[in-house]
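Colleague: The chain contents come next:
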Amino acid sequence: MEKTISDVKPKVFGVLAQFASPKDVYHAAEKVRDKGYKKWDVHSPFPIHGIDGAMGLGDSRMGWIALFSAMAGCFGGFGLQYWINMFAQPVVIGGKPLNPYPAFVPVTFEPGILFTAFGCLIGMLVLNGLPRWYHALFTSKNFKKFSDDGFFICIEARDPRFSLNETRKLLEDIGGRNIEVVED
Amino acid sequence: MSKDNYRLNDKLGGGPIFLGAGVLGAVLCVVSFMQNRKDFFASYLTAFCFFLAISTGSFFFVFVQHLARSAWSVTIRRVSETVAANLPWMALLFIPVVLGGKDVLPWLDKNMMANDALVHMKHGYLNPTFLYIRLAAYFGLWTVFSLYFLRTSRKQDESKDPALTTQMGKVAAGAAAVFALSQTFFAFDWIMGLDPHWFSTMFGVYFFAGSVVLQYCFLILTSAALRRKTGRKDIFRTDHFHDAGKLLFGHNVFWTYIGFSQFFLIWYANMPEETLFFQHRAAGSWKFISLMLPWCHFAIPFLYLMSWHVKRNIVALSVGCVWLATMCYIDLYWLIQPNFHQAGAHFGLSDIASILAIGGFFLFLFIRRLNSANLIPSGDPRLADCLTYDNGVITNEQH
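From first to last, the protein sequence lines stand for chains A and B.
The working numbering numbers the first residue of the first sequence as 1 and each following residue consecutively.
The working numbering numbers the first residue of the second sequence as 1 and each following residue consecutively.
Simulated from the structure, these hints should not be mistaken for laboratory data.
Restraint-style ranges between C-beta atoms, simulated for each label pair:
(1) Leu67/A <-> Val31/B: 48 to 54 Å
(2) Gly50/A <-> Glu158/B: 31 to 37 Å
(3) Ile113/A <-> Ala173/B: 29 to 35 Å
(4) Gly169/B <-> Glu110/A: 34 to 40 Å
(5) Val27/B <-> Gly95/A: 51 to 57 Å
(6) Ser60/A <-> Gly169/B: 34 to 40 Å
(7) Gly95/A <-> Thr129/B: 42 to 48 Å
(8) Ser159/B <-> Glu166/A: 55 to 61 Å
(9) Leu67/A <-> Phe264/B: 21 to 27 Å
No residue lacks a Cβ here, since even glycine has one placed at the ideal position from N, Cα and C.
Model the full assembly from the supplied sequences, consistent with the hints where possible.
Modeller: Next comes the structure, spelled out in structure tokens:
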């Protein structure tokens, strides 16, 4: 039998709570962190200084991605020139040796920068789970304020500590308003 | 702010030891001068330029902080203000070099001035009268500006007058122009001028880049000593060291960029009047230093200082600073001494004597002056911002 829309049972995505100010959401985040939640996020119209510490986020993996992209670019750039000048098409230029490595520095540097830029952009998108067409939070009408004047915390159902009643109560206790259960 | 007015009563020690080192060094300098004048002047000029670079670099740091209206650096700025104010003393320490005359600058020789075609053609710039006028101008301007910043900042400790900060911001703009020209031409006159046949328009920037690296090394090491001495981790914060470390890292890359650009253009164009600089530095043991600098001054510190874990660890960062300061000395040694010792480097008594003499007096004067007022600019209107400064790294450290 074919499924119809009405047969698909909505799944709980998480519990969303609104906070009045960046300060409130900052201190609320510290309390959510201290409760041991892992799968949750803070939404704000602008970056809140120090929120990553308040959320207990670890060191980003972006640094390593950037480092390896840069090394790939540098070795690739140098290797390409070396291979061309030594093997593919050896030409003496300006009376310099076939491997004039000072002359290779600019082109070693440039792909290093280019690859780092690519690595950072792609790495950032992948780590953020982007691009995507849809996110469950978009079903909440109230959530639209996240890009205007709303500060939100959403604790997701996939968190092992998640329980609909307790999580809702926690958000109430730490000052959350307009609490709603978001369904996917 | 109310319960604590940020008066630090601790004093930095070591003054008498440095004074003793200075006196001992001065005696050894006289001995080495008697033994071999050429050795002495080569070594003395090298050590002088090393400590001069700390002061001019610190002067640069001070006015840039005012120009940028930066709050992060307020508590550590007093160190830079004080060491920049050593510049008037540096004028006194420069007297032996001036008395050296043609033993230091070969073109001051009457014979060379008359008969050397290249020197003769540069007579409009390379003549003794203009040389000494320029020299007086450099030290005169440095004295006026460096003392202005130190005194105004100290006055603000008492008056807490924010208008002084605005005023220093305006003076800083003039100081920037003065500094750029004076330091560039000082490097032209007294380092590049050691070989009057050679020229490079990059040379002033190269000396500048090295001086700023050196300045950050000095700033970080001194601030680390103050943090230990006062025990005030809330004033000399880890975030300050981290950011100074970032700037050290960045300026060291800048030094590399300038050094490489200078080498690259000369190497590629391959014109005799330019390549002779590297020709001299490819002779004997100079070649070893020439090849060592890119690795030890750039590559190793680059990888070492890259991680924030190193920059936030005061001991690890201090190790990097000692290393880089040593490299800055070797860099100046490599700039100056091939003009005196063509066959190769020889580090000897005269070098140690000069470092002891100039370094001893330099640090003694610095410590004495630093201890004579509050250790931080407690009247700066941006102090509160500086004390709560957080550069956004997530750590589990206790501040």
